[in-house]
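Visitor: Quick note, the sequences are listed as chains A and B, same order. Numbering-wise (the working numbering), the first sequence opens with residue 1 and increments by one. Numbering-wise (the working numbering), the second sequence opens with residue 1 and increments by one.
Hints are computed from structural coordinates only; laboratory data are not their basis. Be aware that one or more of the hints could be misleading.
Said to hold, decoys possible - A partial selection of chain B residues facing chain A, derived with a Cβ cut-off under 7 angstroms:
1) N191
2) M195
3) G331
4) Q333
5) P385
6) G389
7) W402
8) S424
9) E425
10) F426
11) H468
12) P469
13) F473
Stated by the list, open to error - Here are some chain A residues the structure puts well away from chain B; computed CB gaps all over 10 angstroms:
14) R34
15) G53
16) G111
17) A184
18) Q191
19) P237
20) E298
21) S306
Ideal placement from N, C-alpha and C gives every residue a C-beta, glycine not left out.
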Amino acid sequence: MTTRPLARTLRPLFFIVAGLVAGPGTGPAVAASRIPVVATTTDLKALVEAVGGDLVDVDALARGNQNPHDLEVRPSLMVKVRRADLLVMNGLELDQWAEVVVQGAGNPRVGPGAPGRVDASGGLLVLEVPQAKVDRSMGDVHPVGNPHYSIDPGMAAGVTANIVEGLARVAPQSRPAFERNRQAFLARVDQALARWTTEMAPFKGAKVVVDHNMWIYFLTRFGLVEAGSVEERPGIPPTPSHLTRLIALMKEQKVKVVVSVPWTDQKLAERVAQEAGAKVVPLAPAVGSVKGADGYIETIDYNVRSIAQALR
Amino acid sequence: MRSLVGIGLLLTGMLAPVPAAAQDVEALRKELEEMRKQFDTMKDGYEKAINRLGERIQQLESRPQPAAAPPPATAPPAAAAQVPAPAAPAVALTAGELARPREPFSLYTQRGPGQLLFDMGVAGDFIGNLTQSNVDKANAGSFPGRENRFFPREIELSLFGQIDPYARAEVRVEAGEEDAGEIALHLAEANLTLMTLPFGTQLKMGQMRSRFGLLNPVHEHDRPFIDAPNVLARFLGEEGLVERGAELTWVAPLPFFLEALVGVFNGDNETAFGRGKLTSPLATGRLRTFFELGDESAIQLGASVANGETPERHRNTLLGFDAKYKYRPEGWQHPLLTLLGEMIYQTRRVDVLGEDTNGDGIQDTPDQTRTRNRWGWYAGGEVQPFRTGQLARWAAGFRYDWTQYPVMRGREWAVGPYVAFMPSEFLRFRLGYKYTERATRDGFTDNESSARKVDEILFQATFILGAHPAHPF
Chain A
1 MTTRPLARTL
11 RPLFFIVAGL
21 VAGPGTGPAV
31 AASRIPVVAT
41 TTDLKALVEA
51 VGGDLVDVDA
61 LARGNQNPHD
71 LEVRPSLMVK
81 VRRADLLVMN
91 GLELDQWAEV
101 VVQGAGNPRV
111 GPGAPGRVDA
121 SGGLLVLEVP
131 QAKVDRSMGD
141 VHPVGNPHYS
151 IDPGMAAGVT
161 ANIVEGLARV
171 APQSRPAFER
181 NRQAFLARVD
191 QALARWTTEM
201 APFKGAKVVV
211 DHNMWIYFLT
221 RFGLVEAGSV
231 EERPGIPPTP
241 SHLTRLIALM
251 KEQKVKVVVS
261 VPWTDQKLAE
271 RVAQEAGAKV
281 VPLAPAVGSV
291 KGADGYIETI
301 DYNVRSIAQA
311 LR
Chain B
1 MRSLVGIGLL
11 LTGMLAPVPA
21 AAQDVEALRK
31 ELEEMRKQFD
41 TMKDGYEKAI
51 NRLGERIQQL
61 ESRPQPAAAP
71 PPATAPPAAA
81 AQVPAPAAPA
91 VALTAGELAR
101 PREPFSLYTQ
111 RGPGQLLFDM
121 GVAGDFIGNL
131 TQSNVDKANA
141 GSFPGRENRF
151 FPREIELSLF
161 GQIDPYARAE
171 VRVEAGEEDA
181 GEIALHLAEA
191 NLTLMTLPFG
201 TQLKMGQMRS
211 RFGLLNPVHE
221 HDRPFIDAPN
231 VLARFLGEEG
241 LVERGAELTW
251 VAPLPFFLEA
261 LVGVFNGDNE
271 TAFGRGKLTS
281 PLATGRLRTF
291 FELGDESAIQ
301 LGASVANGET
311 PERHRNTLLG
321 FDAKYKYRPE
331 GWQHPLLTLL
341 GEMIYQTRRV
351 DVLGEDTNGD
361 GIQDTPDQTR
371 TRNRWGWYAG
381 GEVQPFRTGQ
391 LARWAAGFRY
401 DWTQYPVMRG
411 REWAVGPYVA
421 FMPSEFLRFR
431 LGYKYTERAT
441 RDGFTDNESS
451 ARKVDEILFQ
461 ATFILGAHPA
471 HPF
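Produce the complete structure using the sequences and hints provided.
Guide: Have a look at this one:
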């Protein structure tokens, strides 16, 4: 008499548990469905979408307007990584927080050394690699080089090559499609790069000041020169004496532009620019960080247009 | 004739070695032939190897190329000096670099692949406190035995990283002042986590801070308060629930975060359990969930349970409930507001000695075992009201405590505001005040002194050297 009601009670429980265990995200993606991919930044998300096309379903951990250096590890990020077959990381110690997300997600497919892990910086020519002793007295330095390569359109070829390799590990049968998508995307980037280069050509050698040292790839690509930084040392508010020196340098070298990003101190950038007779140009540090920077090419378009307009 | 014989003998003597010399020439010829063959084989081998390398180079060249080096900026030397020359790719090591012995501890050289196979960090946490002399004498402050002192509470050396593709490990060794002037060194944590188990489960085993509640797993230097909340100190002891055993976690494949945890430990914690035997283990469990309340705020909720035996072989069950809320406006790098709280409810069987109720020297009530249902809680918060600039380094917070004592009669409450200054992500100072009021002096009467009301000024200085993992929510 008592076993039947108990069995009835337990049966739905069994199906719930079985459903949870066998539910989405616990096994490898079925070939027919989209490959669940998680990228740590919106730039990488855009590049994965460009390569993966309809074959991928991509989510980003950091939002475009968030500082990707120091993201808070929310459990909601673990839910995203839990479902992923591929995790694309920026590397160069920008997104080390993602390791803590992976540790909490319980998804061995994207664990360290797993086939579902892509370091998008692999094989890239890294700038500002310290050649001497570095320590924290220099601020929150990046000991393996400047990690902000993704906003340089010239890096798209290398980054997408790494993404293709990662996607092909997860879905080898789709490699030709990924390659086709990549070539089509790179053709669009090349076309745009020619346009951007022409647009920026008159300003070659122009000096700009940045509020955070994250534009070296972009500036170098278009022949601009970083004359200084509002942030004296990464992650540490500047001292008044540094700002005085910077303003004097800007006046002396006739620097017209202070490049800023949404998560830094806008008022401080404004004050420095005002004192030095320059203007603040808010650029898009990542895809989706500002209105009008919704895609990869659109974001660089936005940045080139903004800085060219300011230097005119 | 003699001369002819002599010439004959001479000729014979001269001609006799001819067959032997002919044999040597033949052998040399064979040897030469052999060497030629070997040379040809080697040549073929080298040619094949060269061809293979050539094919490989062609394959690599035909693959999509990494981005070219950005064009050099045409800038005057002074400005160009601020842009270091493009370095070689991080993976490219020269023959000299490959030949050089690797130095795993050379943290200040470039950390290329394989140079440092794990991370290490040092966290230092110093405490200073001032209080009344009776509190000092009675050892009844928030840091018992260290009243009116400045001391290292926790100097922690952490080593952590991947063991192999399947597991990671962490080892933490701590030194700190436990009694006035005495520094004790001990193993704080040493555990490994198997990360690739079926169904997305992970198994952590070794010595660890049990994931019971919100703050117990958090190291003291990482906590949002200078001192431990009273309810945790009373029910789990000053060290917290640090146990030896294993924890299994599972994140449910649901659209929202839900983590389930079960643990089995020795039960070494003397304040709450103390049986210390796997035959009567301490069993723990925890459910944790998390909800984003839009882009700017989020809340985490948790429920925990711990069930084990005391040294008297009585059962003790602790239930814990916790919540944490953070509000971080768009574009802020730190939360503007953090609120958190925890509650512990205890059901514990204890031995109660019989009493002499009428003072005649004879025990009137029998020894018995009773149940102590006790509880306590704390709630606190922190505001960091400025988004950027110098003022963004400042924060202010408070905590309110109310707790009963787990075994003896009585309760206490406390309130403690504080301010914090953080020159950088790796350095923090806190200055706080704490007022504690107890319902009874019982239990706080060392050295013929007592402390029912306690005023304390608390100071904390915390630094981090080297690697430190990102903080969870």
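Visitor: So, for every hint listed, does it hold in this structure?
Guide: Each hint tested on the structure:
1. A hinted interface residue such as N191 of chain B counts as satisfied when its beta carbon comes closer than 7 angstroms to some beta carbon of chain A; here the least separation is about 13 angstroms, so the hint is violated.
2. Interface restraint check: M195 of chain B against chain A, minimum CB-CB distance 5 angstroms, threshold 7 angstroms, status holds.
3. The restraint placing G331 of chain B at the interface with chain A holds, with a minimum CB-CB distance near 5 angstroms, inside the 7 angstroms limit.
4. Because the closest C-beta pair between Q333 of chain B and chain A is about 5 angstroms apart, less than 7 angstroms, the hint holds.
5. With a least beta-carbon distance of about 15 angstroms to chain A, the hint placing P385 of chain B at the interface is violated under the 7 angstroms criterion.
6. For G389 of chain B, the shortest C-beta to C-beta distance to chain A is roughly 5 angstroms, which falls under 7 angstroms, so the interface hint holds.
7. Because the closest C-beta pair between W402 of chain B and chain A is about 29 angstroms apart, greater than 7 angstroms, the hint is violated.
8. The interface hint given for S424 of chain B holds, since its Cβ lies 5 angstroms from the closest Cβ of chain A, which is under the 7 angstroms cut-off.
9. The criterion of a C-beta within 7 angstroms of any C-beta in chain A is met by E425 of chain B, whose closest approach is roughly 6 angstroms, and the hint holds.
10. For F426 of chain B, the suggested interface contact is upheld, since its CB lies about 6 angstroms from the closest CB of chain A, less than 7 angstroms.
11. Among the interface hints, the one on H468 of chain B is violated; its C-beta lies about 10 angstroms from the nearest C-beta in chain A, farther than the 7 angstroms criterion.
12. At a threshold of 7 angstroms, the smallest CB-CB gap from P469 of chain B to chain A is about 6 angstroms, leaving the interface hint in force.
13. With a least beta-carbon distance of about 5 angstroms to chain A, the hint placing F473 of chain B at the interface is held under the 7 angstroms criterion.
14. Every CB of chain B is more than 10 angstroms from the CB of R34 of chain A (nearest about 17 angstroms), matching its label as outside the interface.
15. At the 10 angstroms boundary, the C-beta of G53 of chain A stays outside the reach of chain B, the nearest C-beta of that chain being 17 angstroms off.
16. Not every CB of chain B lies more than 10 angstroms from the CB of G111 of chain A, the least distance being 5 angstroms, so the non-interface label is violated.
17. Once the 10 angstroms rule is applied to beta carbons, A184 of chain A is consistent with being away from chain B; the minimum gap is 13 angstroms.
18. Taking the minimum C-beta to C-beta distance to chain B, about 16 angstroms, the non-interface status of Q191 of chain A holds against the 10 angstroms cut.
19. Not every Cβ of chain B is farther than 10 angstroms from the Cβ of P237 of chain A; the closest lies at roughly 6 angstroms, contradicting the non-interface assignment.
20. The claim that E298 of chain A is not at the interface with chain B holds, since no C-beta of that chain comes within 10 angstroms of its own (minimum 20 angstroms).
21. No Cβ of chain B approaches the Cβ of S306 of chain A within 10 angstroms, the least distance being about 18 angstroms, so the stated non-interface status holds.
Taken one by one, the earlier hints fail for this structure at numbers 1, 5, 7, 11, 16, 19, listed in ascending order.
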